[in-house]
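Residue strings, one per chain:
2 protein chains.
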Amino acid sequence: MIAKSEKDVKADEVSEEGASNVTIQWLIDSKIGAPNFAMRRFVVGKGGYTPLHKHDWEHEVFVLGGEGALVDENGNELPLKKDYFAFVPPNEIHQFKNVGDEDFIFLCIIPIK
Amino acid sequence: MIAKSEKDVKADEVSEEGASNVTIQWLIDSKIGAPNFAMRRFVVGKGGYTPLHKHDWEHEVFVLGGEGALVDENGNELPLKKDYFAFVPPNEIHQFKNVGDEDFIFLCIIPIK
Numbered sequence: 001m002i003a004k005s006e007k008d009v010k011a012d013e014v015s016e017e018g019a020s021n022v023t024i025q026w027l028i029d030s031k032i033g034a035p036n037f038a039m040r041r042f043v044v045g046k047g048g049y050t051p052l053h054k055h056d057w058e059h060e061v062f063v064l065g066g067e068g069a070l071v072d073e074n075g076n077e078l079p080l081k082k083d084y085f086a087f088v089p090p091n092e093i094h095q096f097k098n099v100g101d102e103d104f105i106f107l108c109i110i111p112i113k
Numbered sequence: 001m002i003a004k005s006e007k008d009v010k011a012d013e014v015s016e017e018g019a020s021n022v023t024i025q026w027l028i029d030s031k032i033g034a035p036n037f038a039m040r041r042f043v044v045g046k047g048g049y050t051p052l053h054k055h056d057w058e059h060e061v062f063v064l065g066g067e068g069a070l071v072d073e074n075g076n077e078l079p080l081k082k083d084y085f086a087f088v089p090p091n092e093i094h095q096f097k098n099v100g101d102e103d104f105i106f107l108c109i110i111p112i113k
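Going down the list, the sequences are from chains H and B. Heads up, the first sequence is in the numbering used here, so the first residue is 1 and it goes up one at a time. Heads up, the second sequence is in the numbering used here, so the first residue is 1 and it goes up one at a time.
The hints are simulated quantities; they were obtained by calculation from the structure and are not laboratory data. For clarity, every value in this text was computed on a predicted model and none was experimentally measured.
Where chains are identical, the list cannot tell them apart; a pair therefore holds if satisfied intra-copy or between any two copies.
Dumping the calculated BS3-like pairs for lysine-lysine here, alpha-carbon to alpha-carbon at most 27 Å:
| id | residue 1 | residue 2 |
| --- | --- | --- |
| 1 | 4 | 54 |
| 2 | 81 | 31 |
| 3 | 46 | 97 |
| 4 | 113 | 31 |
| 5 | 54 | 82 |
The shape of chain H in the complex, shown without the other chains (with noise of 0.2 Å):
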């Protein structure tokens, strides 16, 4: 087993197209030996956002920080902040933004396929 800090996961620019301001911690995945579901912890800077987009696999997410939106395919936005958890099921379109003035801060939880 093991215990650490997020601080002590490197933090990557996330580059896909439709991203900006955020980057993405794996804290758990499959390289430390986790056998079905990874853990990453994201941040959105002020104005920032993850792409509006769709896939196969859910998301569960839980907010540990700032003011964010979870967008839907209608443009709808379901408020997040501080405690607040979301899921999105596979293939429902979805983004997250920030809508705040600090750091927007989620865990995000997938499937390992």
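Following the hints, complete the assembly by docking chain B onto the known chain H.
For chain B alone, coordinates are given in the frame of chain H:
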């Protein structure tokens, strides 16, 4: 998709033998359509602990607050505090316990069988 606060989810006392002063909230599970893994939020009160046990599924943990320890089969204690994460592989003996004065709070994600 859904987005809401952990405060909207009922907390149940963990009555499993070997647990003391622990509550669980099932934030995301198969009842809301999660196909692969479930997100739970645990609050371990002062002096509390989860069972020292093992099982054939993994834990992926992220600490939200307080001071705790992850105990292994030899009684070694890995420290856990805010913004720490932990991975417990399947079939490893483990226990989470509060070693501080405040509530020890963490997310624990498990596969859905």
